[in-house]
Amino acid sequence: MSGVRLLVGTRKGAFVLTSDGKREKWDVSGPHFSGWEIYHVKGSPADPNRIFASQTSGWFGQVIQRSDDGGKTWMQPGTPPGEPTTGPGGMPKGESNKFVYDTSAETGKPLTTHQFYDGKQHPWEFKRVWHIEPSPTDPDTVYAGVEDAALFRSTDGGQNWKELSGLRGHGTGPQWQPGAGGMCLHTVILDPSNPQRIYIAISAAGAFRTDDGGKTWKPINKGLVSPYIPEPTAEVGHCVHHVAMHRSRPDVLFMQKHWDVMRSDNAGDSWQEVSGNLPTDFGFVIDVHAHDPETIYVVPIKSDGEHFPPEGKLRVYRSKSGGNEWEALTKGLPQSNCYVNVLRDAMTVDSLDKCGVYFGTTGGQVYGSADAGDSWHPIVEHLPAVLSVEVQTLP
Amino acid sequence: MIRVVLPGHLRTLARVSAEVQLHIEGPVTQRSVLDALEAQYPMLRGTIRDHVTHERRPFLRFFACEEDYSLEPPDTPLPEKIASGAEPLLIIGAIAGG
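Taken in sequence, the protein lines are chains A and B. So that you can map any letter, position 140 of the first sequence is 402 in this note's numbering, and since no number is skipped, the others follow by simple counting. So that you can map any letter, position 27 of the second sequence is 62 in this note's numbering, and since no number is skipped, the others follow by simple counting.
Here chain A stands alone, though its shape is the one from the complex (with noise of 0.2 Å):
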C-alpha cells in the first residue's frame, strides 16, 4: 500500500512522520539533530530513501545531512556511519559544509556587493541554507538556496559545494538588500521539462530565472507592485516570499509576493495580481494541488506587522481557478484565539488521490488534510516551531 513521509525542519530539530495511504495514524520520529534549527529537510525525487537536511545554528555555522535510509539514520556526506572520517591519502571526508562564495577571475577580489540596511554596500558573508532542492533525475545532484543569497549545486551527493555564481554576478546584486529574515534565496525550481531552466526567489530582490542550467539568468519581476519601495515596479528589489509551480506545466507560476498574491503565464516574464477576493493578500507559502494545475492554496496573514491569521481564524484559501476566485477551508482548523504563522517553505502536498495538503506553524502544529483540503487534522501538535514542512509519496 501507498504512503506518505513528511518531512519537518524546525526550530530545534527534524522530525520524520510516516503513514500509509489513508493518511489517519501517523508515526513520529525524532528530533534528529536535537537542538539546531533545521530549516529544510527535502528527499530526492530519483532515490525517494535519500534525504538531505540542512541543520544550522547561529553558533556553529552550517551543516548539510544525508539520510540514505529514508531519514532512519543521517550522515554528513563524505562520512558514512562507522567508517574512518579520512579517505584514501588521508583526505578529509565530512566536509559537507564548505560554501565559499565566487571571487571575480579577473581581479580575485569578491564578485559583488549588495545593499546594507543602512543603504550602503555591503560584502556577500555567507549564514545559512535555507531550501535544498535535489535534481528530479540524478540523486548526487542537489541545488542549496543560502543566505547572503545565492545558489550553490553539489553533484556527489552533498558533499562539496560550488557557487552558480552567474546569479549574482549579471548585474542586478548590488540592489539587493535584506529581508526582515535576511537576504535569503529561499525558492529553488527546477523545470521537470527542461534541465537548463531554474527558477529562484530572493528576499527582497525578487524572481529570476535561467536557460542555461544556471549559467546566466535574468530578473522576472514585470508586473510586481511594491508600494513601499522607492521605486515600486522596479526591475529588483521585491520581497517575494514564495513561488510553486506544477510540474505538468512548468510555464505557470504563482507567487506569494510580501503583498500580493500574483501568476505567470509565460515563465515569469510578466505576472498578474490574482488576490481576488482573499481577506489579506499577506503571506508566506503557496502550493498547487498536485492533479489539477489550476488549483492552489495560500494562507493569508494578518499584515506584514502582524505576523498571524486575521481574526485569529487559521484559515487556509483555495481558489480552482488558479486564482482571483477564493474560498476558506475552515473544517477543522482553529477559528478562534490563534495567532501562529505559516513560513514559506511550510507548506507541501502529496501525489494520492485525493491529494494531501500539508502545513505547519510557527506554533508547532502539522495540520494535514486528505481530502484536498475540504477537512484538517493535526497530525502533531507540540513540535518547536515549524519553519518548513515538504512530503514524499512512497509506492
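Some clues are possibly wrong.
Result set (DMTMM-like, lysine to aspartate or glutamate): computed pairs, CA atoms no more than 20 Å apart in a straight line [as the list claims (entries may be wrong)]:
1) Lys360/A with Glu73/B
2) Lys360/A with Asp103/B
3) Lys360/A with Asp70/B
4) Lys371/A with Asp85/B
5) Lys424/A with Asp85/B
6) Lys389/A with Glu115/B
7) Lys389/A with Asp85/B
8) Lys360/A with Glu90/B
Here are some chain A residues pointing at chain B (derived, C-beta under 10 Å) [to be verified]:
9) Gly297
10) Trp298
11) Gln317
12) Ser319
13) Trp321
14) Gly323
15) Gln324
16) Val325
17) Gln338
18) Asn359
19) Phe361
20) Val362
21) Phe378
22) Lys382
23) Phe388
24) Tyr490
Don't read these hints as lab results, they were simulated from the structure. None of the values given here were measured: they were computed from a predicted structure. Note that the Cβ used here is the ideal one computed from N, Cα and C, for glycine as well.
Starting from the known structure of chain A, fit chain B onto it as the hints suggest.
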C-alpha cells in the same frame, strides 16, 4: 596529549561523548590545536572557525586555565598546563538568546 572540551552540540556532531584528546607536534597554540582538531574530526570544519579565513565564529570563545584567549593572536602559545595536558582547552558557546 592536548585535551579539548567541546560544546555539547559539537560533541554530538563529532560523535564523541567526552573531552577530545589530540597529539600536537611543535608549539601548542590556538591554531595548532584547531588544525589538529579539524584533522581528526573533519566534520568540525567551519563550525568553530571560518573555512577560509579561519576567523573564530562570533559566538564561540576559547578559555584556558580560567583565562579568555579568544582575542589573542592564533599563534600565541597557550599555557604550559594546556600543552602538558594538565588542563583542557575549553571551547565555549556564548550563553545568549534566552
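Verification of the supplied hints:
1. Taking the CA atoms of Lys360/A and Glu73/B, the gap is about 13 Å. The hint holds against a cut of 20 Å.
2. Between Lys360/A and Asp103/B, the direct Cα distance comes to roughly 28 Å. Violation of the 20 Å bound is thereby established for this hinted pair.
3. Restraint check for Lys360/A and Asp70/B: satisfied, since their Cα atoms lie roughly 16 Å apart, inside the 20 Å limit.
4. The straight-line distance between the Cα atoms of Lys371/A and Asp85/B is roughly 18 Å, inside the 20 Å bound, and the hint therefore holds.
5. For a cut-off of 20 Å, the pair hint linking Lys424/A to Asp85/B stands: about 17 Å separates their Cα positions.
6. Proposed proximity of Lys389/A and Glu115/B is contradicted: the alpha carbons are some 36 Å apart, above 20 Å.
7. At roughly 11 Å between alpha-carbon atoms, Lys389/A and Asp85/B fall within 20 Å of each other, so this suggested pair holds.
8. Taking the CA atoms of Lys360/A and Glu90/B, the gap is about 14 Å. The hint holds against a cut of 20 Å.
9. With its C-beta approaching chain B no nearer than about 6 Å, Gly297/A sits inside the 10 Å limit, and its interface hint holds.
10. The beta carbon of Trp298/A comes within 7 Å of a beta carbon in chain B, closer than 10 Å, and the hint placing it at the interface holds.
11. Checking Gln317/A against chain B: minimum C-beta separation of about 9 Å stays under 10 Å; hint holds.
12. Interface restraint check: Ser319/A against chain B, minimum CB-CB distance 7 Å, threshold 10 Å, status holds.
13. A least Cβ separation of about 4 Å between Trp321/A and chain B falls short of the 10 Å threshold, and the interface hint therefore holds.
14. Checking Gly323/A against chain B: minimum C-beta separation of about 5 Å stays under 10 Å; hint holds.
15. The restraint placing Gln324/A at the interface with chain B holds, with a minimum CB-CB distance near 7 Å, inside the 10 Å limit.
16. This hint holds: Val325/A has a C-beta 7 Å from the nearest C-beta of chain B, less than the 10 Å allowed.
17. Against a cut-off of 10 Å between C-beta atoms, the interface hint on Gln338/A holds, since the closest Cβ of chain B lies about 5 Å away.
18. With its C-beta approaching chain B no nearer than about 5 Å, Asn359/A sits inside the 10 Å limit, and its interface hint holds.
19. Taken as an interface hint, Phe361/A checks out: its beta carbon lies about 8 Å from the nearest beta carbon of chain B, inside 10 Å.
20. Look at Val362/A: its Cβ gets to within about 6 Å of chain B, closer than 10 Å, so that hint holds up.
21. Because the beta carbon of Phe378/A sits about 17 Å from the nearest beta carbon in chain B, more than 10 Å, this interface hint is broken.
22. The closest approach between the C-beta of Lys382/A and any C-beta of chain B is roughly 20 Å, which is over the 10 Å cut-off, so the hint fails.
23. At about 9 Å, the closest approach between the beta carbon of Phe388/A and any beta carbon in chain B falls short of 10 Å, and the interface hint on this residue holds.
24. The beta carbon of Tyr490/A comes no nearer than 29 Å to any beta carbon in chain B, farther than 10 Å, and the hint placing it at the interface is violated.
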